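K.L.:
Produce the complete structure using the sequences and hints provided.
Protein chains: 2
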Amino acid sequence: MISLTPKLEKESESPLYDQLYRYIRKQIEDGSLAVNDRLPSIRQLSAHLVVSKNTVEAAYQQLLSEGYLQSRPRSGIFVLPLEQVPEVEGKPGASVRQQSEKPLHESSLQGRVGTIDFEYGDVELELFPVKAWKRCLAEAMDNRLHEVIAYGDRQGHLGLREEIARYLFQSRGVACSSHQIFLSAGTAHAVSLLCQLLPLTERIAMEEPGYNGVRAVFANHGKDVVQIPLEEDGLSIEALQGCGANVVYVTPSHQFPIGIVMPVQKRGKLLQWAYEQGGYILEDDYDSEFRYQGQPIPALKALDRSDRVIYLGTFSKSFLPGARLSYVVLPESLADTYRNGLQNYSQSVSTLVQTAMYLFMRGGAFERHIRKMKNLYQSRHRALLRAIHDQLGSRVGIIGQKSGMHLLLDVYGRECEELIQLAAERGVQVYSPMKHWTNPAECPRSYVMLGFAGVQEEQIREGVSLLRQAWFE
Amino acid sequence: MISLTPKLEKESESPLYDQLYRYIRKQIEDGSLAVNDRLPSIRQLSAHLVVSKNTVEAAYQQLLSEGYLQSRPRSGIFVLPLEQVPEVEGKPGASVRQQSEKPLHESSLQGRVGTIDFEYGDVELELFPVKAWKRCLAEAMDNRLHEVIAYGDRQGHLGLREEIARYLFQSRGVACSSHQIFLSAGTAHAVSLLCQLLPLTERIAMEEPGYNGVRAVFANHGKDVVQIPLEEDGLSIEALQGCGANVVYVTPSHQFPIGIVMPVQKRGKLLQWAYEQGGYILEDDYDSEFRYQGQPIPALKALDRSDRVIYLGTFSKSFLPGARLSYVVLPESLADTYRNGLQNYSQSVSTLVQTAMYLFMRGGAFERHIRKMKNLYQSRHRALLRAIHDQLGSRVGIIGQKSGMHLLLDVYGRECEELIQLAAERGVQVYSPMKHWTNPAECPRSYVMLGFAGVQEEQIREGVSLLRQAWFE
Ligand SMILES: Cc1ncc(COP(=O)(O)O)c(C=O)c1O
Ligand SMILES: Cc1ncc(COP(=O)(O)O)c(C=O)c1O
Chain A
1 MISLTPKLEK ESESPLYDQL YRYIRKQIED GSLAVNDRLP SIRQLSAHLV VSKNTVEAAY
61 QQLLSEGYLQ SRPRSGIFVL PLEQVPEVEG KPGASVRQQS EKPLHESSLQ GRVGTIDFEY
121 GDVELELFPV KAWKRCLAEA MDNRLHEVIA YGDRQGHLGL REEIARYLFQ SRGVACSSHQ
181 IFLSAGTAHA VSLLCQLLPL TERIAMEEPG YNGVRAVFAN HGKDVVQIPL EEDGLSIEAL
241 QGCGANVVYV TPSHQFPIGI VMPVQKRGKL LQWAYEQGGY ILEDDYDSEF RYQGQPIPAL
301 KALDRSDRVI YLGTFSKSFL PGARLSYVVL PESLADTYRN GLQNYSQSVS TLVQTAMYLF
361 MRGGAFERHI RKMKNLYQSR HRALLRAIHD QLGSRVGIIG QKSGMHLLLD VYGRECEELI
421 QLAAERGVQV YSPMKHWTNP AECPRSYVML GFAGVQEEQI REGVSLLRQA WFE
Chain B
1 MISLTPKLEK ESESPLYDQL YRYIRKQIED GSLAVNDRLP SIRQLSAHLV VSKNTVEAAY
61 QQLLSEGYLQ SRPRSGIFVL PLEQVPEVEG KPGASVRQQS EKPLHESSLQ GRVGTIDFEY
121 GDVELELFPV KAWKRCLAEA MDNRLHEVIA YGDRQGHLGL REEIARYLFQ SRGVACSSHQ
181 IFLSAGTAHA VSLLCQLLPL TERIAMEEPG YNGVRAVFAN HGKDVVQIPL EEDGLSIEAL
241 QGCGANVVYV TPSHQFPIGI VMPVQKRGKL LQWAYEQGGY ILEDDYDSEF RYQGQPIPAL
301 KALDRSDRVI YLGTFSKSFL PGARLSYVVL PESLADTYRN GLQNYSQSVS TLVQTAMYLF
361 MRGGAFERHI RKMKNLYQSR HRALLRAIHD QLGSRVGIIG QKSGMHLLLD VYGRECEELI
421 QLAAERGVQV YSPMKHWTNP AECPRSYVML GFAGVQEEQI REGVSLLRQA WFE
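From first to last, the protein sequence lines stand for chains A and B. Just so we're aligned, residue 1 is where the first sequence starts under the numbering used here, counting upward by one. Just so we're aligned, residue 1 is where the second sequence starts under the numbering used here, counting upward by one.
Simulated from the structure, these hints should not be mistaken for lab results. Treat the hints with care, as some may be off.
Same chains, same names: a pair is fine if it fits in one copy or spans any two.
[As the list claims (entries may be wrong)] Straight-line C-alpha distance at most 30 Å; calculated DSS-like pairs for lysine-lysine:
#	residue 1	residue 2
1	LYS269	LYS131
2	LYS223	LYS435
3	LYS372	LYS134
A quick note: this is a predicted structure, and the numbers were derived from the prediction, not measured.
P.N.:
Written as structure tokens, this is what we have:
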């Protein structure tokens with residue numbers, strides 16, 4: 001058996017599972033662990049290192065989901081080939097993984113009376129940091145009125161851009177400067193500006209299915225959108241290679257709407273594709289904050305050594321959809337072109353929102369909020385998975401359950417329209433993900449989409465129980 | 001001499017000049033006054049009606065600027081042919097014309113120390129209704145949190161759209177329903193969405209010079225922009241007719257940047273053009289609130305009998321640039337197409353700003369603010385004209401001085417770059433309007449642009465005095 005002898009420090013700020021994960025990753029990266037080496041079982045390693053099984057499991061899970069390891073049924077866990085794992089320049093900081101069994105706060109106030117709405121896009125209202133946000137708004141109005149009234153910087157509030165740069169480095173391993181960051185009023189608007197101001201090619205590739213909002217923007221700017229089919233680990237690189245586009249829009253941290261987390265090998269291949277093409281990758285990292293198994297995988301942008309990734313971020317999932325605040329991180333080489341194009345445009349995000357967000361991030365309230373929401377959504381996610389397991393059992397399959405704010409149900413042998421209708425009769429709203437297919441007829445009829453971020457645990461349980469009654473009784 | 005016998009009611013809410021203006025307009029419209037009839041002089045009519053000369057002058061001025069009358073040097077004031085004056089459906093309400101000699105409030109706080117900045121786009125900070133706006137923000141956060149957090153209606157906050165409809169009818173004679181109104185994060189974004197979601201032709205006509213922000217949007221959406229030269233009363237209809245476009249973007253209430261107020265005859269001809277072409281007019285009514293001679297002329301949209309005008313409005317001039325809040329009023333026949341296109345897009349204006357603006361308008365604070373700013377800007381405008389007259393005299397010409405928040409100076413025989421440089425050395429910032437010409441080389445070198453809305457009266461006087469020293473001493 002291979003020997004693993006990490007120095008684990010119980011006093012360290014970094015949790016044990018994280019130290020172990022980093023140790024093994026390093027062993028793989030520098031070849032101390034070779035391809036196809038089998039790792040000790042969880043039980044063995046936990047006994048050997050005198051740590052809990054949870055610790056080992058969490059470290060393995062992270063390495064599995066990042067594509068360093070592979071679990072082969074009934075034979076064990078093995079090291080995968082590293083081929084094209086690119087170097088991580090800015091590694092994600094040791095953000096503490098939180099696993100509370102209960103949400104920090106579960107309000108008893110109910111949502112809309114009589115309906116349970118699993119709409120994707122909703123966020124939790126009850127936990128919104130009203131006081132802190134109001135304080136930031138008031139401070140902006142009281143002490144920064146000149147910022148709040150005027151048009152403001154075309155590129156966006158400088159302080160806010162600096163906070164975003166800091167945040168991206170810490171949470172996503174993305175190293176960039178405020179100079180490369182451009183604010184915009186939502187992701188669609190960001191993509192529209194990219195189409196308008198950058199010399200992107202006429203042909204743009206996209207995952208199929210993929211986010212309808214962005215697909216519409218491409219189409220509405222006269223782009224020829226090529227659909228790239230999905231494989232188990234994300235979009236097909238082969239299909240991408242043959243498609244004649246040299247720009248691709250992807251959602252690697254949580255494929256929308258299918259929910260695939262793209263493993264690190266695939267990320268390497270995708271970057272390699274961009275390097276060879278001299279093309280660009282538009283990475284939409286929309287809900288990367290909410291990942292429930294292991295740490296987030298570094299963003300493509302963090303792995304990119306050749307300045308080929310255009311990174312899209314938004315505060316709609318992590319904080320406040322109504323803020324209409326999102327951003328783009330441009331490669332150094334495109335930043336000036338984009339800035340020149342902006343000379344004719346005003347910034348489109350409310351300056352009050354920009355300044356308040358700057359204050360909110362600067363004071364640490366944003367990171368506190370993220371931590372709180374991570375816990376909350378993780379609990380809801382777990383409650384949803386459990387309820388589906390208990391109530392719907394083997395009559396449904398779950399698609400994309402590692403992260404995010406939604407998942408898909410495959411209700412075997414049934415039809416979406418009927419399912420939605422039956423659910424509605426019981427007061428439960430579920431949705432079809434169909435619009436995210438270029439040709440909606442290709443969306444499996446048995447898929448329904450459940451957003452859970454805005455639904456309280458109790459309602460999740462009740463909702464799924466009502467779904468059972470509606471669909472199977 | 002023709003006889004004018006209006007029944008003027010001194011007790012009426014409508015000011016005397018307005019009653020007189022309406023009376024004469026009606027006489028012209030129903031033929032009681034014929035083309036080329038000469039009107040009594042101001043002195044004669046004021047004696048005849050026993051009203052002040054100011055009253056008669058104000059009524060005449062309004063009719064002159066609307067194109068009902070013409071003043072011929074040394075012979076008098078005459079009725080103009082009415083040919084294509086279209087029917088006004090919703091007439092502008094009797095908004096009280098305010099002529100305070102002093103601004104309501106002139107703060108003694110100074111702007112940036114040491115510079116006087118005539119930048120166009122600035123608004124007055126000191127008079128901003130901080131308290132009222134904060135109250136609306138707080139009410140939105142406290143009592144309408146659900147509105148403020150979520151993405152909100154794609155088309156925009158319904159209550160706000162209703163308030164806008166009401167406001168447009170009262171102030172601009174535009175009759176429309178909330179159904180036709182779509183909010184957007186600034187004018188450029190509005191025009192971008194129009195390009196994306198409506199089947200506008202590939203060729204779009206624009207005034208030359210014209211607003212560079214909108215020209216850039218057209219170009220960035222692959223439109224072929226045709227430049228239509230300006231005549232004294234606005235863009236050349238002949239050039240428009242021959243240009244092969246059937247969509248035109250115009251700024252009739254205050255041509256940007258030249259400042260022409262398009263008279264009513266020309267408006268009729270322009271509408272006629274659209275009717276004949278089956279085309280559309282994009283009317284950008286950006287600063288129509290600020291008009292210093294007579295009442296606003298009804299918007300093209302108010303005169304349009306065939307649903308051919310797409311109306312663009314913004315709160316950037318009338319209220320708060322930093323709100324990033326503007327809107328489009330679509331013809332009935334295009335509203336559904338646009339709404340369908342929006343199905344894939346989220347609303348881009350901050351929901352907090354939308355809700356607060358709704359409360360601000362509903363409570364009457366917006367109209368109070370407009371009245372206050374009208375007075376203030378009118379005083380500043382007058383102070384600027386007076387200072388230019390006193391200090392610069394016949395060495396400059398003034399272009400576009402009836403309304404708005406800026407004017408152009410023609411500094412005879414001089415060069416813009418040098419003028420800007422000399423002014424800067426004295427601590428005064430003035431600007432070139434050059435970027436608003438498609439081919440900047442065609443902008444007369446002797447033009448400089450002065451925005452005055454954000455500069456206090458005293459600074460205006462000091463600034464113009466410094467310009468004299470900088471340029472002529
Ligand atoms: C894939 C994807 N990207 C981005 C967004 C967020 O868009 P915005 O920033 O406009 O709120 C969403 C929201 O639904 C999404 O699904
Ligand atoms: C002609 C014209 N239209 C509209 C605007 C306002 O644009 P926005 O609504 O983006 O502030 C301006 C501002 O400079 C302008 O000059």
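K.L.:
All hints, please: hold or fail.
P.N.:
Cross-check of the supplied hints:
1. LYS269 / LYS131: Close neither inside one copy (45 Å) nor across copies (56 Å); limit 30 Å.
2. LYS223 / LYS435: both (19 Å within a copy, 29 Å between copies)
3. LYS372 / LYS134: Close inside one copy (18 Å) and across copies (28 Å); limit 30 Å.
In summary, the one numbered hint that this structure violates is 1.
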